[in-house]
Amino acid sequence: DAKTTQPPSMDCAEGRAANLPCNHSTISGNEYVYWYRQIHSQGPQYIIHGLKNNETNEMASLIITEDRKSSTLILPHATLRDTAVYYCIVRVGTLSGNTPLVFGKGTRLSVIA
Amino acid sequence: GAVVSQHPSRVICKSGTSVKIECRSLDFQATTMFWYRQFPKQSLMLMATSNEGSKATYEQGVEKDKFLINHASLTLSTLTVTSAHPEDSSFYICSARQVTNYGYTFGSGTRLTVV
Numbered sequence: 001d002a003k004t005t006q007p008p009s010m011d012c013a014e015g016r017a018a019n020l021p022c023n024h025s026t027i028s029g030n031e032y033v034y035w036y037r038q039i040h041s042q043g044p045q046y047i048i049h050g051l052k053n054n055e056t057n058e059m060a061s062l063i064i065t066e067d068r069k070s071s072t073l074i075l076p077h078a079t080l081r082d083t084a085v086y087y088c089i090v091r092v093g094t095l096s097g098n099t100p101l102v103f104g105k106g107t108r109l110s111v112i113a
Numbered sequence: 114g115a116v117v118s119q120h121p122s123r124v125i126c127k128s129g130t131s132v133k134i135e136c137r138s139l140d141f142q143a144t145t146m147f148w149y150r151q152f153p154k155q156s157l158m159l160m161a162t163s164n165e166g167s168k169a170t171y172e173q174g175v176e177k178d179k180f181l182i183n184h185a186s187l188t189l190s191t192l193t194v195t196s197a198h199p200e201d202s203s204f205y206i207c208s209a210r211q212v213t214n215y216g217y218t219f220g221s222g223t224r225l226t227v228v
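Chains as they are written, first to last, in the numbering used here: chain A, 1 to 113; chain B, 114 to 228.
Only chain B is shown next, with the shape it has when bound in the complex:
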């Protein structure tokens, strides 16, 4: 089946630094990828929709200059958390949409801790 690889699975960074999270579709092309954020004991909240070759679409309240999304190829989208602060600590999950069926495949998530 379709696989989405997300790296790193866990990262700890200092406040003020930037962190890049990668999301790759391994055996299918994904013109669209989605980025979610999940705080403890809460559901997944959509942050942005990433489209290959164009600018991402951000949900209301998500700072586009803080959460930089790049989707330069049909198999790779990256999320960069810039100038991270402790309140950015969360579980970040990507999802890719297959164009050949109704499927949405999710990455395994990245646990970001900002200290």
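For reference, chain A alone in the conformation it holds in the complex:
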């Protein structure tokens, strides 16, 4: 799986958009970008994933650059409950196989009132 690089920490004002970047310059054509977050003392929570098109769901938007070498997770209106460590993970997206998700260090997002 391709390696990802994320800033170690970010702050965001409550109610503002949080934009979390991720670099994955060695991503290959069949690898997806996954985003998970981990609130303190809980298990990771799935947020969103995508291949090359931008994606949006009820939690966030995922913007992937045209060359797929980087992406940005956008939380449109951050709340205090969005304070967590956010992980960007790149891996092959297949319906079969038993390979696990491999976590990097992630970005610690602090939403400030």
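Not one of these hints is a red herring.
If you only want the chain B side, here are some residues facing chain A, beta carbon under 10 Å, derived:
id, residue
1, Y149
2, F204
3, T218
4, F219
Residues of chain B clear of chain A, computed beta-carbon distances all greater than 10 Å:
id, residue
5, L139
6, F141
7, E200
According to the in silico footprint, chain B covers these stretches of chain A (three or more CB under 8 Å from chain B):
id, region
8, 42-54
9, 99-105
It should be emphasised that the hints constitute simulated quantities derived from the structure, not laboratory data. Every value quoted in this text rests on a predicted model; they were computed, and no experiment measured them. Just so it is clear, CB atoms sit at the ideal spot from N, CA and C, and this is done for glycine as well.
Mind docking chain B on chain A? Use the hints.
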């Protein structure tokens, strides 16, 4: 959505005793489950891959005789920390892979403290 139930959420045990952690997929079958360990202020580290009906696959450096994994059914995997020591104190998290989509669902974690 898919739910993975992990119990207990918190356990304190004496050094030298064993602790069992359960991980259940509540509304889907999981032929494969993964076990992670997380030390304070660090990321999740994969310990082992648990396959239903067969032996688990352990990551390098993880003692298979110390961390016993059993995956006897399609909805239950257990991790037993044998002869626990204070250095085994950590946050243990399980994850199950859904076979119908790309999803990985995580349990809520177990905080193990060995005193």
